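Visitor: So you can see what is in the structure, the chains are spelled out below.
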Amino acid sequence: EAGVTQSPRYAVLQEGQAVSFWCDPISGHDTLYWYQQPRDQGPQLLVYFRDEAVIDNSQLPSDRFSAVRPKGTNSTLKIQSAKQGDTATYLCASSRQGAKGNTLYFGEGSRLIVV
Amino acid sequence: GQQVQQSPASLVLQEGENAELQCNFSSTATRLQWFYQHPGGRLVSLFYNPSGTKHTGRLTSTTVTNERRSSLHISSSQTTDSGTYFCAIDLQGTGSKLSFGKGAKLTVSP
Numbered sequence: 001e002a003g004v005t006q007s008p009r010y011a012v013l014q015e016g017q018a019v020s021f022w023c024d025p026i027s028g029h030d031t032l033y034w035y036q037q038p039r040d041q042g043p044q045l046l047v048y049f050r051d052e053a054v055i056d057n058s059q060l061p062s063d064r065f066s067a068v069r070p071k072g073t074n075s076t077l078k079i080q081s082a083k084q085g086d087t088a089t090y091l092c093a094s095s096r097q098g099a100k101g102n103t104l105y106f107g108e109g110s111r112l113i114v115v
Numbered sequence: 116g117q118q119v120q121q122s123p124a125s126l127v128l129q130e131g132e133n134a135e136l137q138c139n140f141s142s143t144a145t146r147l148q149w150f151y152q153h154p155g156g157r158l159v160s161l162f163y164n165p166s167g168t169k170h171t172g173r174l175t176s177t178t179v180t181n182e183r184r185s186s187l188h189i190s191s192s193q194t195t196d197s198g199t200y201f202c203a204i205d206l207q208g209t210g211s212k213l214s215f216g217k218g219a220k221l222t223v224s225p
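Protein sequence lines, in the order shown, are assigned to chains X and A. For the first sequence, my numbering gives the first residue as 1, with consecutive numbering after it. For the second sequence, my numbering gives the first residue as 116, with consecutive numbering after it.
These aren't lab readings, by the way, just hints derived from the structure by calculation. Fair warning: there could be bad hints in the mix.
Simulated pairs of lysine-lysine, DSSO-like, Cα-Cα distance not exceeding 30 angstroms [stated by the list, open to error]: (1) A:Lys220 x X:Lys83; (2) A:Lys169 x A:Lys212; (3) A:Lys217 x A:Lys169; (4) X:Lys83 x A:Lys217; (5) A:Lys212 x X:Lys83; (6) X:Lys78 x A:Lys217; (7) A:Lys212 x X:Lys71; (8) A:Lys169 x A:Lys220; (9) A:Lys169 x X:Lys78.
Chain X is faced by these chain A residues, among others (derived, beta-carbon under 8 angstroms) [what the hints assert, rightly or not]: (10) Arg157; (11) Phe201; (12) Ser211; (13) Gly216; (14) Gly218.
Stretch-level coverage of chain X by chain A, calculated; a stretch enters the list once three of its residues show a Cβ under 8 angstroms from a Cβ in chain A [what the hints assert, rightly or not]: (15) 81-88; (16) 106-113.
Note that the coordinates shown come from a computational prediction; the quantities given were computed from them, not determined experimentally. Here a beta-carbon is modelled for each residue, glycine too, at the ideal position from N, C-alpha and C.
Could you build all of it, start to finish, from the sequences and the hints given here?
Guide: Written out as structure tokens, the structure reads:
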């Protein structure tokens, strides 16, 4: 079974530039999550989807961040007009609703540096 | 405030020593989970342990829900155990909205 795949693995931007991160979850997983993990911190949930619907985006900075999952499979997280404070690793995870403990499976992350 | 607090923040061991990591949380409805993050890499779920004690290999997790605490014990540590260990609680009781601690960085020297 293929794991959660993310790309790109690394991105370096100037402030004000835009970037998109892509995530391919585990096949059959209906729930997809995007987390932001600053250096030496724990992951912080930005948004999560069940199928194509956004369930919770309350922690997503809506003025510059957007996330979509149009067909309920792959997902894209976009940051417009990046700021230095966005420097972090962006983690995608997926799970299957109803699975015991709702185990999350994480990708390797996309590391963003904004200079 | 921080809903999940972990201690110690970092720990250095010699191979073969045991490690005890602590997690204290602010809610009794936790669905507590422990994760391991490879250095610079992927987060992997270790335990889903809302209460009681669970074992896998050299790892033991004990959660005492009414005392709002959990521990992760690593016996006979190996260099491959090096990395960061996170505990997380479920804020909504749905299993989907996890709040993570800041992590405990473990370094095991040969």
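Visitor: Decide, hint by hint, whether the structure agrees.
Guide: Results for each hint:
1. Using a Cα cut-off of 30 angstroms, the hinted pair Lys220 (chain A) and Lys83 (chain X) holds, with the two alpha carbons roughly 28 angstroms apart.
2. Proximity of Lys169 (chain A) to Lys212 (chain A) is assessed by CA-CA distance (about 23 angstroms); at most 30 angstroms being required, the pair is judged to hold.
3. Taking the CA atoms of Lys217 (chain A) and Lys169 (chain A), the gap is about 23 angstroms. The hint holds against a cut of 30 angstroms.
4. The straight-line distance between the Cα atoms of Lys83 (chain X) and Lys217 (chain A) is roughly 23 angstroms, inside the 30 angstroms bound, and the hint therefore holds.
5. For the suggested pair Lys212 (chain A) and Lys83 (chain X), the alpha carbons sit about 26 angstroms apart, so the restraint of at most 30 angstroms is met.
6. A distance of roughly 25 angstroms separates the Cα atoms of Lys78 (chain X) and Lys217 (chain A); the hinted pair therefore holds under the 30 angstroms criterion.
7. For the suggested pair Lys212 (chain A) and Lys71 (chain X), the alpha carbons sit about 22 angstroms apart, so the restraint of at most 30 angstroms is met.
8. Under the criterion of a C-alpha separation no larger than 30 angstroms, the hint pairing Lys169 (chain A) with Lys220 (chain A) is consistent with the structure, at around 22 angstroms.
9. For the suggested pair Lys169 (chain A) and Lys78 (chain X), the alpha carbons sit about 39 angstroms apart, so the restraint of at most 30 angstroms is broken.
10. Among the interface hints, the one on Arg157 (chain A) holds; its C-beta lies about 5 angstroms from the nearest C-beta in chain X, closer than the 8 angstroms criterion.
11. With 8 angstroms as the threshold, the beta carbon of Phe201 (chain A) comes within range of chain X, its nearest partner Cβ sitting at about 5 angstroms, so the hint holds.
12. The interface hint given for Ser211 (chain A) holds, since its Cβ lies 6 angstroms from the closest Cβ of chain X, which is under the 8 angstroms cut-off.
13. About 5 angstroms separates the beta-carbon of Gly216 (chain A) from the nearest beta-carbon of chain X, less than 8 angstroms, and the hint is met.
14. Proximity of Gly218 (chain A) to chain X holds as hinted, the smallest CB-CB distance being about 5 angstroms (cut-off 8 angstroms).
15. As drawn, the stretch 81-88 of chain X meets chain A at 0 residues by the rule of a beta-carbon pair under 8 angstroms; below three, the given contact is violated.
16. Here's how the stretch 106-113 of chain X fares: 4 of its residues keep a CB closer than 8 angstroms to some CB of chain A, so the rule of at least three is met and the hint holds.
Of the hints listed earlier, those the structure fails to meet are numbers 9 and 15, in rising order.
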